[in-house]
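Number of protein chains: 4
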Amino acid sequence: MIVILEKNITEEQIENISSYMKDFGLEVHRMDGKERIVLGAIGIQPNFDIRKMKSVPGVADVIKILDPFKLASRTFKQEDTVIKINRTEIGSTNLALIAGPCSIENDEQIFKLAEVVADSGGTVLRGGAFKPRTSPYSFQGLGEEGLKLIRQAADHFKLNVITEVMQTEQVDLVGKYTDIFQIGARNMQNYPLLKELGKAGKPVMLKRHWSATLEEWLMSAEYLLSHGNKDVILCERGIRSFDNPNRFIFDLSSIPVLKGMTHLPVIADPSHAALYSEHVLPMARAAIAAGAAGVMIEIHDQPEKALSDGPQALTPKVYINLIEDLKKIAEVIGKKF
Amino acid sequence: MIVILEKNITEEQIENISSYMKDFGLEVHRMDGKERIVLGAIGIQPNFDIRKMKSVPGVADVIKILDPFKLASRTFKQEDTVIKINRTEIGSTNLALIAGPCSIENDEQIFKLAEVVADSGGTVLRGGAFKPRTSPYSFQGLGEEGLKLIRQAADHFKLNVITEVMQTEQVDLVGKYTDIFQIGARNMQNYPLLKELGKAGKPVMLKRHWSATLEEWLMSAEYLLSHGNKDVILCERGIRSFDNPNRFIFDLSSIPVLKGMTHLPVIADPSHAALYSEHVLPMARAAIAAGAAGVMIEIHDQPEKALSDGPQALTPKVYINLIEDLKKIAEVIGKKF
Amino acid sequence: MIVILEKNITEEQIENISSYMKDFGLEVHRMDGKERIVLGAIGIQPNFDIRKMKSVPGVADVIKILDPFKLASRTFKQEDTVIKINRTEIGSTNLALIAGPCSIENDEQIFKLAEVVADSGGTVLRGGAFKPRTSPYSFQGLGEEGLKLIRQAADHFKLNVITEVMQTEQVDLVGKYTDIFQIGARNMQNYPLLKELGKAGKPVMLKRHWSATLEEWLMSAEYLLSHGNKDVILCERGIRSFDNPNRFIFDLSSIPVLKGMTHLPVIADPSHAALYSEHVLPMARAAIAAGAAGVMIEIHDQPEKALSDGPQALTPKVYINLIEDLKKIAEVIGKKF
Amino acid sequence: MIVILEKNITEEQIENISSYMKDFGLEVHRMDGKERIVLGAIGIQPNFDIRKMKSVPGVADVIKILDPFKLASRTFKQEDTVIKINRTEIGSTNLALIAGPCSIENDEQIFKLAEVVADSGGTVLRGGAFKPRTSPYSFQGLGEEGLKLIRQAADHFKLNVITEVMQTEQVDLVGKYTDIFQIGARNMQNYPLLKELGKAGKPVMLKRHWSATLEEWLMSAEYLLSHGNKDVILCERGIRSFDNPNRFIFDLSSIPVLKGMTHLPVIADPSHAALYSEHVLPMARAAIAAGAAGVMIEIHDQPEKALSDGPQALTPKVYINLIEDLKKIAEVIGKKF
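Protein chains in written order, with my numbering: chain A, 273 to 609; chain B, 273 to 609; chain C, 273 to 609; chain D, 273 to 609.
Errors might be hidden in some of the hints.
Identical copies carry no separate label here, and so any pair may be met within one copy or between two of them.
[As the list claims (entries may be wrong)] Here are the simulated BS3-like cross-link-like pairs (lysine-lysine), alpha carbons at most 27 Å apart as the crow flies:
1) 349 x 326
2) 306 x 600
3) 294 x 279
4) 607 x 589
5) 336 x 471
6) 531 x 589
7) 336 x 577
8) 474 x 349
9) 336 x 279
10) 599 x 531
11) 342 x 306
12) 294 x 577
Since the hints were made in silico from the structure, they are not lab data.
Isolated chain A, as found in the complex:
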């Protein structure tokens, strides 16, 4: 913590501020600049509320110098985290290809789409059984019935499963069927859920809330890591802007910035930011070009009849063509699917 003192401060005031800092167990260093005197504090805890110092008379500003996240930081772990699951790995130069429907709807649908995923070289099948919907009147998912279906389809085509869990009470149930837990954007700061999944013994993909800063996102990852789960995957899915509350801005610049902050892999989900299937294509290509560790894409064989988010789903045919492009772009930057 760096404490910047006001311009015309007296020695007595400095003394008071110093001893106030020492009361928190801090060691205080002083640096006299030309315009300002600055006090540096050593031994500060990551959760210290720096506003406490800002209210002390004579203090002009206070700046924290250590990131509040520890286990998630690149400083804590220099090398990239690579998560190994049965049939895939996430975080290496082998890119992850995750695809499937928004919602699991019935066995015909999920088997048909699982086949498409397997054929395209995908290794993880996505599909929601518990759906967080903005409206209470919208389809809320098939529940356990859906979990059974996606597990069967994935096993049949030798795929891994990723599916969303929305509350602590569902963790055991979902854990019986899934290989990777997905935390949706709306639950990024659902701390009881994060704590529970920190102890769940399986990888977790943590979606960024559309208004979360990168620091807040990593603090939520820190909940998972500090409760024992080392296999955390981040997923960028678009942030809210001023332009249109329904058109999310796919924040691809977060990918290179995060590389400097954390060792955790970042998957890109272009489907939710795109809103319409024709926009998914350029955004998926851009995600790979920007360095994502993989993509998660929504597909549907009959988008116009999908029970949720049909307009952003790719048909199998369009999807297959896209994957060909993604493979070529990956090659340009020394990666492969």
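Given the structure of chain A, go ahead and fit chains B, C and D onto it with the hints provided.
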């Protein structure tokens, strides 16, 4: 739903679009303008995904004309909702005064502050026992021990209790002690929790997530209302802006705008947007001047020692003076505490 | 400037970083913490691009400790700036009341409204002759003809004039008629205009761009101040949010925050943020309650026929009632109109 | 315009609303839905302020159905605009490569960098002579001396010139030296400048303000188009988010969305959003993958000594490698440099 057709559309295309709409069970009206032809759909369900129409060839744009929320809307219920609890009412011209510490810390603290609240004319005592903290390393609340303390203090000074509930598994426990459930900003779209509290039989105060549109906020209220709970209180606590992710912008303009959209009362929480106690004062005054149904204010007898958010807590002395101002401002606009 | 070094840095790297800093003419102080070593730089110029340090190997982060604005800062000038114009002052406990139409339309209109302003105790008449309109097809203002009319009306009722200037070439012309130059939100970072008005010899009211940080706003004020104009008034008019690009969020919390950063007065313009006249009322009341140095309000005798922004204009009758409320609220916080 | 009426409206009220609409010269169509009655207006002008209707008693909501921009719209002109300049074209499947320094600093610098641009296959040399700087204490550009230098360098290497113009008074001067006028983000809504450049007879590249909606951006393009200039190029350079006011979010999703709205080409400028040179690389690759009509990239032979924005400039060596990647990615999507 209004479907705007492309400029040079053929009669055949119009026919196709019409019959596509009729397949959804819609009745179609046509209006020929000078520049465009427009189709109006009647009988549309509130959860219909209008993007489905947008992808149809020949469609230029689609606009929904009914709000997706029903029970929360001013159309559904013209008169203001007034929530009556034991010793107070929320939503009438009698403004609600809710105050107390951020976290319940020990019995001395909560009794001392309960007395301050009662003396100032407050009727609801706030205090957190389960705290949603950005950092896993921060104080997480006293849990049930805290609930017992706040209940005792409130009963002793004849106050109602409001306290936060963070997950479905806590609803019964918290319900044993509280008069009003608080849903924190981070849980505004925690749908399992909303459904559970929809059936909990006690009033719920729903804080706005810092990135929620007014429509999304009302959709979350709709979850509560549609699951049976008519006693929903909204609470504005500041939204995120581009300026500084930690300085929330107190969106007071939401208050008059919401008056046109919904019959539910809106309480203002100036403490979280203000960040520093000296900024709480002008923002609390502004909230009353802007027409809030009441305020919720954080107080602490020793802010510098508070276990959470001390810097934004008012001391009892400062708080008492503020309440005097608020009473005078309320009078100017024909209300009273 | 504070330079935070990476965790496992070598002495040789530190030496390199130090000498790099010294090449910029900086004096370097070193502080060894438990987790990190920090270097403090003394003698840094306010316009130094700290990113230069961030790219140096071994540097984890760089933090500036001095505000980039000087003349606008509270550090440079402790006491509040009070601007004295013929018939009014801005920035003291006497609040400024500025009102008038959005656009000057004809002499009957501006005389009628000037009378309303004078009668309500207002001292400054507003009205636009050059209008910055989003659409090239909208009314662009009467130009010099409008300037003549507002000057005549103001003189007749002993009022000051404030009107907008949009480009350097208009400064002389507008200066012939106005007492205060207004810089519109869109021109907040029109640097040639700021430089010219820095030398114009009359007070300038600088509106905040709807996406400007407080720091950027003060940097634009710094352009005016550093080019010789000490009479700078800030005007908060609402910022853009994610909710609705057309509903600006009236950032009243900026008022107390700015009080700590700058000595310049802040006027509030509730009309542009409100969008509809019925929302202007609560926002104007809230602005005074939040501590604004005054308000600027749009009025019109026939809002439905106004050539611009009629829907947000108050009728004289509504306006007069509002001013009565504002006077009472001002009293509560020790101010007066 | 679609006017949605309140639920329990009387026939008399409907009659009043209709005749109010007819007073604006509108033709009114009525559609009776199950829940609401809707009135459609035909013959409305693009600059009609729909708020006027919203205030009429009995009106629940008003929705405009025509875009406020005309000449910029895809409806007005179906085929893509391709701008042909001496040695290049912008908007076709031949991508535009624009590069050069942030500021023109001296003749050695600009000649050296012009050579790099020419060698990499670039056709347009960028460089600022008039610089809009946030701080009045920062380098403001060489002025006309800079214009002369960039013209000489461009001619020597057979390149076109693009450079920024900041005010109407500079248009003639800058026009003597440049092939393309650049309007900076801060001046996107500087209407006098837009009007002047609408008549300037040379192509204009209009950067998006970091808080402009797509509609507002196109409205500014409409100023240029409606004043006679058909050669308008859009340039996406990153928008402001809540995360960090200095890290702009490169809104690549705007590219496919704009393709549906307008016939104008969109160039991507990854340098300003990236902030650091190492982030420019992934963002430039992503821009091409997302379908941009070209890129504009900042380069410098000695970034650490650059007079402005050095940290985001690429060295010639890094730049050359990047261009190789961009060429390969362009091929994947059927384009070429």
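Status of each hint after checking the structure:
{"no.": "1", "hint": "349 x 326", "in the structure": "between (32 Å within a copy, 20 Å between copies)"}
{"no.": "2", "hint": "306 x 600", "in the structure": "neither (56 Å within a copy, 47 Å between copies)"}
{"no.": "3", "hint": "294 x 279", "in the structure": "both (22 Å within a copy, 24 Å between copies)"}
{"no.": "4", "hint": "607 x 589", "in the structure": "both (24 Å within a copy, 22 Å between copies)"}
{"no.": "5", "hint": "336 x 471", "in the structure": "neither (30 Å within a copy, 40 Å between copies)"}
{"no.": "6", "hint": "531 x 589", "in the structure": "between (33 Å within a copy, 23 Å between copies)"}
{"no.": "7", "hint": "336 x 577", "in the structure": "between (52 Å within a copy, 20 Å between copies)"}
{"no.": "8", "hint": "474 x 349", "in the structure": "within (20 Å within a copy, 48 Å between copies)"}
{"no.": "9", "hint": "336 x 279", "in the structure": "both (20 Å within a copy, 16 Å between copies)"}
{"no.": "10", "hint": "599 x 531", "in the structure": "both (22 Å within a copy, 25 Å between copies)"}
{"no.": "11", "hint": "342 x 306", "in the structure": "between (34 Å within a copy, 15 Å between copies)"}
{"no.": "12", "hint": "294 x 577", "in the structure": "between (65 Å within a copy, 15 Å between copies)"}
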